[in-house]
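Given the coordinates of chain A, assemble chains B, C and D onto it according to the supplied hints.
Now for the letters of each chain:
4 protein chains.
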Amino acid sequence: MAGRILLLVLFMNAVFFIVNAVPETCPADLGGKCGEDGEWEGEFFPGVPKIKYEGPSSKNPLSYKWYNAEEVILGKKMKDWLRFSVAFWHTFRGTGAGPFGAPTKYWPWEDGTNSIAMAKRRMRANFEFLSKLGVDRWCFHDRDIAPDGKTLKETNSNLDEVVALAKELQGDKIRPLWGTAQLFMHPRYMHGAATSSELGVYAYAAAQVKKAMEVTHYLGGENYVFWGGREGYQTLLNTDMERELDHMAKFLEAAAAYKKKIGFNGTLLIEPKPQEPTKHQYDWDAATTLNFLRKYGLLAEFKLNIECNHATLSGHSCHHDLETARINGMLGNIDANTGDPQVGWDTDQFLTDVGEATMVMISVIRNGGLAPGGFNFDAKLRRESTDVEDLFIAHISGMDTLARGLRNAAKLIEDGSLAELVSKRYSSFDTELGAQIEAGKADFEMLEKKAMEWGEPKVASAKQELAEMIFQSAL
Amino acid sequence: MAGRILLLVLFMNAVFFIVNAVPETCPADLGGKCGEDGEWEGEFFPGVPKIKYEGPSSKNPLSYKWYNAEEVILGKKMKDWLRFSVAFWHTFRGTGAGPFGAPTKYWPWEDGTNSIAMAKRRMRANFEFLSKLGVDRWCFHDRDIAPDGKTLKETNSNLDEVVALAKELQGDKIRPLWGTAQLFMHPRYMHGAATSSELGVYAYAAAQVKKAMEVTHYLGGENYVFWGGREGYQTLLNTDMERELDHMAKFLEAAAAYKKKIGFNGTLLIEPKPQEPTKHQYDWDAATTLNFLRKYGLLAEFKLNIECNHATLSGHSCHHDLETARINGMLGNIDANTGDPQVGWDTDQFLTDVGEATMVMISVIRNGGLAPGGFNFDAKLRRESTDVEDLFIAHISGMDTLARGLRNAAKLIEDGSLAELVSKRYSSFDTELGAQIEAGKADFEMLEKKAMEWGEPKVASAKQELAEMIFQSAL
Amino acid sequence: MAGRILLLVLFMNAVFFIVNAVPETCPADLGGKCGEDGEWEGEFFPGVPKIKYEGPSSKNPLSYKWYNAEEVILGKKMKDWLRFSVAFWHTFRGTGAGPFGAPTKYWPWEDGTNSIAMAKRRMRANFEFLSKLGVDRWCFHDRDIAPDGKTLKETNSNLDEVVALAKELQGDKIRPLWGTAQLFMHPRYMHGAATSSELGVYAYAAAQVKKAMEVTHYLGGENYVFWGGREGYQTLLNTDMERELDHMAKFLEAAAAYKKKIGFNGTLLIEPKPQEPTKHQYDWDAATTLNFLRKYGLLAEFKLNIECNHATLSGHSCHHDLETARINGMLGNIDANTGDPQVGWDTDQFLTDVGEATMVMISVIRNGGLAPGGFNFDAKLRRESTDVEDLFIAHISGMDTLARGLRNAAKLIEDGSLAELVSKRYSSFDTELGAQIEAGKADFEMLEKKAMEWGEPKVASAKQELAEMIFQSAL
Amino acid sequence: MAGRILLLVLFMNAVFFIVNAVPETCPADLGGKCGEDGEWEGEFFPGVPKIKYEGPSSKNPLSYKWYNAEEVILGKKMKDWLRFSVAFWHTFRGTGAGPFGAPTKYWPWEDGTNSIAMAKRRMRANFEFLSKLGVDRWCFHDRDIAPDGKTLKETNSNLDEVVALAKELQGDKIRPLWGTAQLFMHPRYMHGAATSSELGVYAYAAAQVKKAMEVTHYLGGENYVFWGGREGYQTLLNTDMERELDHMAKFLEAAAAYKKKIGFNGTLLIEPKPQEPTKHQYDWDAATTLNFLRKYGLLAEFKLNIECNHATLSGHSCHHDLETARINGMLGNIDANTGDPQVGWDTDQFLTDVGEATMVMISVIRNGGLAPGGFNFDAKLRRESTDVEDLFIAHISGMDTLARGLRNAAKLIEDGSLAELVSKRYSSFDTELGAQIEAGKADFEMLEKKAMEWGEPKVASAKQELAEMIFQSAL
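Protein chains in written order, with the numbering used here: chain A, 1101 to 1575; chain B, 1101 to 1575; chain C, 1101 to 1575; chain D, 1101 to 1575.
Isolated chain A (complex conformation) (with noise of 0.2 angstroms):
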């Protein structure tokens, strides 16, 4: 095969795609240039303004009807309790493309290649995305915004080269809430990465963080991801799992020594999803990713980014996976997306459930905000949206709906009565034999006598359906 052209064709979640058969013009109907070789002259996104807070009776698509990044809501910015950040990879490396579906989507600027003119091309509609949604932070994957090279030096070198025009376009306000490194897409990483049964897998994975976690830093980033896709096994036949868990905590082990070395002090995130693209994946859940963690005495280097599609994903509401995470002290950043009940697998959807995005902010909160971790858009546009405009659609309508969450979640916490509902239930802890209990100062012994002497306890009703109608009240 050598001595042939190569193109690059890999991209995040999909592989691009020319047709023979291609639309004579482009089909995202907001006006724009079409995709020319050269460089891109005028606006990505013409047709849209500024997207600006209209309230919630506006009509508007292409308004905020709830998200008011200024406005105060319990001492605090909205802007400062969501730090939103767009993903990259979903807005402008997403194709529609699937396991049983070519792409469908063929942005205006895109010319079909994978070179680095149009890796730029692409940083600046994205910067212009994110100036005219108004939203200060994005993440990426590595190979995301850059084309792999022959060598690892190359890619790397084609990935300075994004950077520094990406470190340019950002200017003083934007950065990245995180950088990640894609260590789930090429062929090599199909046994693993970290957890590769092979060593040198192992080896340039480790090369690969690296280089990501610098560039993330120098970018300013605020954090660093981990999400093992392939970190997992299909079946346990063929699979050495205790030493492929061993291999992934001096993997992790070695990072955290590595951040330390180049002075970055972001927060080191692990993204705990179950299943998907492996049968099973070591970080299945918040609890299962804890519990490596404690095992191999990395608690203090790490906390978890929770998507919410991925705790349901492992059978949890999205909101039990973010108090496993915040009562353990471990909530570092949430990708706001949702699933479609009754499908199996990660759509990516922009969370639209108004109710769900209360609970979700009941536990940012609870957590006091986020920062430096902040919401992620790991979310993309359904395959059958492929008007440009979907894309400010669909963030509007996500961001919309986590900041009606959050003022949802307000008008429950300054009503008071859920909390005074719980606090009640638990009332009898608050006495001293409960102060003991709690102190772990009251044994069997102790515990049994009492018991003896009470008789059969009162048992109050857990009143679920007026909590039910309180919450529901809110939204």
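Keep in mind that the hints were calculated from the coordinates and are not lab data.
Don't take each hint at face value.
Note that identical chains are pooled: a pair holds if it fits in a single copy or bridges any two copies.
[Said to hold, decoys possible] Mimicking PhoX-like on lysine-lysine, the simulated pairs with C-alpha atoms at most 20 angstroms apart in a straight line are:
(1) Lys-1177 - Lys-1511
(2) Lys-1541 - Lys-1359
(3) Lys-1232 - Lys-1250
(4) Lys-1253 - Lys-1549
(5) Lys-1511 - Lys-1220
(6) Lys-1360 - Lys-1311
(7) Lys-1179 - Lys-1511
(8) Lys-1361 - Lys-1250
(9) Lys-1558 - Lys-1253
(10) Lys-1361 - Lys-1311
(11) Lys-1311 - Lys-1550
Chains B, C and D in isolation, oriented as in the chain A frame:
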């Protein structure tokens, strides 16, 4: 984009992939001459002999341990009970690509193009594969075996060229178990084919099915399959489900009419699947599909192609959906594969569970076999299985499992005790009153009289554990 | 065992339970006179006033915030759109018992027996409850409202005695939305009722349904429901599915005949459920049930009672199954409840999700309402909710949620933009050729000609995110 | 209610049930004298002989085909690998009752009471059952073997009385595999035991566990189990999860202290389950439970009791959770059962899948056996299995399946090719650099240098299909 060199890189279930860092030699370990642009010379699978039956004690992975084609079981040769077919797409177009991963398979004969020359070379590989396995049937999608052209006319002519070669290679003995049209991969089908919201797509799909039926007929295909991967919806919010279902009925009606017009006598088969790629597919499961066919008066024109992995995704055991099809007189074909019980998407694995295979074969025997249908291996190598020999191992394993299932089912039938347990359970209906009830002649008044007269009915144990013990003893 | 004192302790969905360590006072906190063996005097719910509409800003849990019975929405009173019904079994026979837990509810009026006197007292409580809620309909199983006797005759006579009281208490205004026979709790039905392997059980079930239809008719019931909780199988190994389905068809045929005979004009409703208690129930979902009805020529005699929690257990959204019933002209009634998206069994919770309620009401409005069907609250208090007032709170919350859904659905319809988005999607079929296709007059040859002529069809964005934004804006 | 005759009718997992229309004769078909109030005379299972090993060709349901207790496999007797135990609750207190059904089982020795006399008679039946099966271990909940009294003191004294008999019946050879306290059935535990919102319940639970540990110790029990069926939540809206988890930790800490105090040397086991009866249980799966134990410093005091059906409900294969426990050094016991892959609740079926049993035994062999743990049959007859002999058939079937799994696992180990395939996969780590990585001495800079030097790593096929073929060949 027009004017640039365009490559058709669209494959069934994957997109072919060429990395910069291409392996210097082909990774497949069985020798053979690595793919060059010119004609392929010599064997595709030089290290693989014709696979022979060596019996259960053989340790040779490239032999059958249970499948002995000419051996007679319950009065019929194994090959006639099983009527195996290789799925062209998984075996020759599967690349290992997926939503989170690029291709992993670089078969030595692939040259990285989607040219007609490559299509023909691949077809030769297919027939060598069939011959070495000793399998007489194959299945295909139109777009897998020949590349898209710039126009439908050119596409059809590409197809004709490859089909002519296939016809020649088939000889006397080999023929398609079935053909089908790929109506889900191309972006034009993103909203459906027969159920697309766009009339132009409906027409295009009709033209494509027309052609696919013609070539299937020309090749002596025994059946023709409809799998409606895009016939469904992502959300009801933007969908007119009633209108879409009406369109689907009209489409299938026209297909049945065209079949007659061209004198094609093969069975038309519908393959149910609950979801993926769509959130909800109209042919959800056997019963749903039957409801549709009955509603629109299409029952006489179609049968069902039951896929085990689809059945389990819809919440049924494979055996259940086979039996549902069978007792409605509609079991036409089986897509022999299996899923992972803990995974919520279609994994299309080769079936290796002997118990499940035994259940499947019980249904097949009750059905008097499947002819003119058969077993299509709608199953693929795991993404991480990258040796050419893995293609053989997987098929041998799948064939042996069903052969073992057939032997077990025969043992159960010959033993008779399970059948006796069942018929004994219902023996109270083998009476005069039972016959009246079954003839619809027992009205509520008469039955009430009997109930009053008899008092509390006796109810015997269902003996499930005994049934399971008998079943297991045959494995 | 004969000769001992026997207590009938069988309840709907639970078994009544008397602990040694009985609470000294009734745990229900709203006062009332704790249950004694004699006649109950005074109110059952002394602390609860007639529930009134107080509007969304009310903080009073015992008031309606959204349900305003006489208010007109889209030309019809809310009470006529919603036609609420209280389920006698959950509300008055639910004890909180389950597979892992004993009863938790000790309503003050219960005396611990299953006597006729107790049945009558409970019936009075039911009517006070209806009256305080302002609900005009109720639903019942035969065995919930009256105790089993020693013989079927005695059982029927018990039923008659209680039904006579119910008739009296109903007065002019109140009537059953529907009645049904409990064919799943008694051990005689362990293998099914109409599908039991025992003929005697089939006859007994016929007698029981006959009587239940009679009393439903006598009480002025508007519908009669069949829920086949035991009509299915635990394993196919011991089951003759075909014969069982034939029996079920004959049974329903006889039921339809008897309905006519007695002049009962109510609708016969089948309630699909996929599984639980059986591993597989024959009335799996709407489509499966319709296939059954069509196969056996019973379509004209029945409609469907869709339960939301059953729909989601079968892998569909509630809205999907409602729409499936509706577009087949078969939507007759709704069992208004919801499940937990992460739980694999029927939780029968009161629906409190406003988004889901809005979807439900869209289907109801499209159906032109549900009459003579309505909304039955097949929903129960959580086991841990043990205050009498919880019964009210739960119903108010469920009613308000649907009322809010109705208001939202009306907003969406009045706004019109969602409907417009949908009809625009399909506008290419609102043409001459579209009409030909829909009339079944467009054959494959004609369509191919068009497809060749037109070239690659244009396919517009599905605008799912916009549709979701519009939908959410109405909540 | 006080002053009336009170019957304690609370059973494990069901409530005993006496219908009016009681069968005139006992339905169990194996003879024996139908239960009378007085002393039971003669055998409980008169028709059942001592179960013997007759080998795979035997057709006798009341014989072992694969379990040959004294036969040596891999250097250990089968009985020592398998250490079977009968679960008292399923076998002697299971009545077939469930959320939709009344009891179906009327064992001849039951008299319909929950008296101490009946408890003793049942205990005798248990020991005859053990003896006929040839099983030396049993497991029990406190409340299953002896009835509740009016006070905790009386309850404890009831327990002592029955335990004294059990001690006597045990003789030299038989002992409990483990005991446990039933902390989920009684209404007092509706909000949890150790995690109840009521302090009085916490104390009561402590007293109950204290006593249960004492009697387990007295009977020579080898382990003590905690299954927290109510330790979880129904909704987070009314729950303080953090406080509940803290309470749970204090409770277990006190239990471990009390164990030492009384000189009980058995292992304390925690049994994970994801949900049911609660929506979310804190001991979700092995990894979640380990996280909890590590967080609260309890790792050294506990091991895990893995139940296959619980593992699959949590989204894992049984083998996965066994391996997770094993590689953490925490595999203490197995609750040997299985679920239905299409069912979302705990079906507690006897395991009859030979493939799964082989996987289970692979884990057990790797663990060097389970002692002092073993296999407890936490499995029950289907509700419809009502013959006394079904109790034997089910246990024989479950024992034979695991015995067959042991034989298969031994075959695989002796053959060695599967182990070789696995160790070969990881052989690149059996090098100097591999050792450095595994010792934590390979930092990112060194690894990057290697990666640069080596270029693109080679990645071999995972050979999953070959592994499956080898695995299947051993079945």
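For a quick check of understanding: which of the numbered hints are violated here, in increasing order? Structure breaks hints 3, 5 and 8.
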